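Undergrad: The whole structure should be built from the sequences, with the hints applied where relevant.
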Amino acid sequence: GENVEQHPSTLSVQEGDSAVIKCTYSDSASNYFPWYKQELGKRPQLIIDIRSNVGEKKDQRIAVTLNKTAKHFSLHITETQPEDSAVYFCAAPRSGGGADGLTFGKGTHLIIQP
Amino acid sequence: EAQVTQNPRYLITVTGKKLTVTCSQNMNHEYMSWYRQDPGLGLRQIYYSMNVEVTDKGDVPEGYKVSRKEKRNFPLILESPSPNQTSLYFCASSFVSSRPFFGPGTRLTVL
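Chains A and B, in that order, are what the protein sequence lines are. With this note's numbering as the guide, the letters of the first sequence map in order to residues 266 to 379. With this note's numbering as the guide, the letters of the second sequence map in order to residues 99 to 209.
Please keep in mind that the hints were generated in silico from the structure rather than gathered at the bench. Fair warning: this is a prediction, and the values are worked out from it, not measured in the lab. All residues carry an ideal CB built from backbone N, CA and C; glycine is no exception. Do not take every clue at face value.
Simulated restraints, written as ranges between beta carbons of each label pair [unchecked claim]:
| # | chain 1 | residue 1 | chain 2 | residue 2 | range |
| --- | --- | --- | --- | --- | --- |
| 1 | B | Asn-182 | A | Glu-270 | 19 to 29 angstroms |
| 2 | A | Gln-346 | B | Leu-139 | 26 to 36 angstroms |
| 3 | A | Lys-322 | B | Phe-193 | 18 to 28 angstroms |
| 4 | A | Val-285 | B | Thr-111 | 20 to 30 angstroms |
Below, a sample of chain B positions facing chain A; criterion: calculated Cβ distance under 8 angstroms [said to hold, decoys possible]:
| # | residue |
| --- | --- |
| 5 | Arg-107 |
| 6 | Asp-154 |
| 7 | Val-158 |
A short, non-exhaustive set of chain B residues, derived as facing chain A with CB atoms under 10 angstroms [to be verified]:
| # | residue |
| --- | --- |
| 8 | Ser-131 |
| 9 | Met-148 |
| 10 | Glu-151 |
| 11 | Gly-161 |
| 12 | Tyr-162 |
| 13 | Ser-165 |
| 14 | Thr-184 |
| 15 | Phe-193 |
TA: As structure tokens, this is what we get:
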């Protein structure tokens, strides 16, 4: 099955700076990579995703990049704001075809310092 | 309003006392799943279901049972709970398995 490694486990940045969270995966057949944001006491919510046929996807201040050769993908948040403080999870299909759910990384606690 | 509901939201119980956590969705999703979230371990899939009467094990199925008799409901059953099942549980549903929409969570404590 898929193995997803996520780094760092905690990331503290100054408000207005950029934040980058990195994930690696093991199954070269994986073709879909979502990112979830979980605010304190809330459910995880999908914020952005990328499919293996593209290298980058942007949505306002967040972007995700994918390097299929190296089997890693990253979440980039620019101009960070206090509301970006949360735990972020990357994920990949449990099996390459993706019919049996997701394997999640262990999460990154992003702290935005005022 | 599209939603996934779970009940109860909080539960404290004792070892060995059977319990059921209900999950219901109103989005006509085929795919439903259960995850548990533990500090430092992220979200781990317990069971999933691709449609009515079709269920399969996830990564951490030991000690749990599920059933899918109706499309909208996917209860999680702990026949004999143990303290190592103390956790935060999320039900999720989606049209495809790769985009789960999570419920609000159930915090379970087993004493």
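Undergrad: Please go over all the hints and tell whether each is borne out by the structure.
TA: Quick rundown of the hints versus the structure:
A beta carbon spacing of about 24 angstroms between Asn-182(B) and Glu-270(A) agrees with the range 19 to 29 angstroms that was offered as a hint. Checked against the hint of 26 to 36 angstroms, the pair Gln-346(A) and Leu-139(B) passes, with Cβ atoms roughly 28 angstroms apart. The hinted window of 18 to 28 angstroms between Lys-322(A) and Phe-193(B) holds, with their beta carbons roughly 20 angstroms apart. Checked against the hint of 20 to 30 angstroms, the C-beta distance between Val-285(A) and Thr-111(B) comes to roughly 42 angstroms, which is inconsistent with it.
The interface hint given for Arg-107(B) is broken, as the beta carbon of that residue sits about 11 angstroms from the closest beta carbon of chain A, more than 8 angstroms. Below 8 angstroms, beta-carbon pairs count as interface contacts, and Asp-154(B) has one with chain A at about 7 angstroms; its hint therefore holds. Taking 8 angstroms as the C-beta contact cut-off toward chain A, the hint placing Val-158(B) at the interface is violated, the least distance being around 11 angstroms. Checking Ser-131(B) against chain A by beta carbon gives a least distance of about 5 angstroms; that is within 10 angstroms, so the hint holds.
Because the smallest distance between the Cβ of Met-148(B) and any Cβ of chain A comes to about 7 angstroms, under 10 angstroms, the interface hint for this residue holds. Among the interface hints, the one on Glu-151(B) is violated; its C-beta lies about 17 angstroms from the nearest C-beta in chain A, farther than the 10 angstroms criterion. Nearest Cβ of chain A to the Cβ of Gly-161(B): about 19 angstroms, over the 10 angstroms cut. The hint is violated. Restraint check, Tyr-162(B) versus chain A: the minimum CB separation of about 15 angstroms is more than 10 angstroms; hint violated.
The beta carbon of Ser-165(B) comes no nearer than 18 angstroms to any beta carbon in chain A, farther than 10 angstroms, and the hint placing it at the interface is violated. Taking 10 angstroms as the C-beta cut-off, the interface hint given for Thr-184(B) is violated, the closest approach to chain A being about 17 angstroms. The beta carbon of Phe-193(B) comes no nearer than 12 angstroms to any beta carbon in chain A, farther than 10 angstroms, and the hint placing it at the interface is violated.
Comparing the model with each earlier hint shows violations of hints 4, 5, 7, 10, 11, 12, 13, 14, 15; every other hint is respected.
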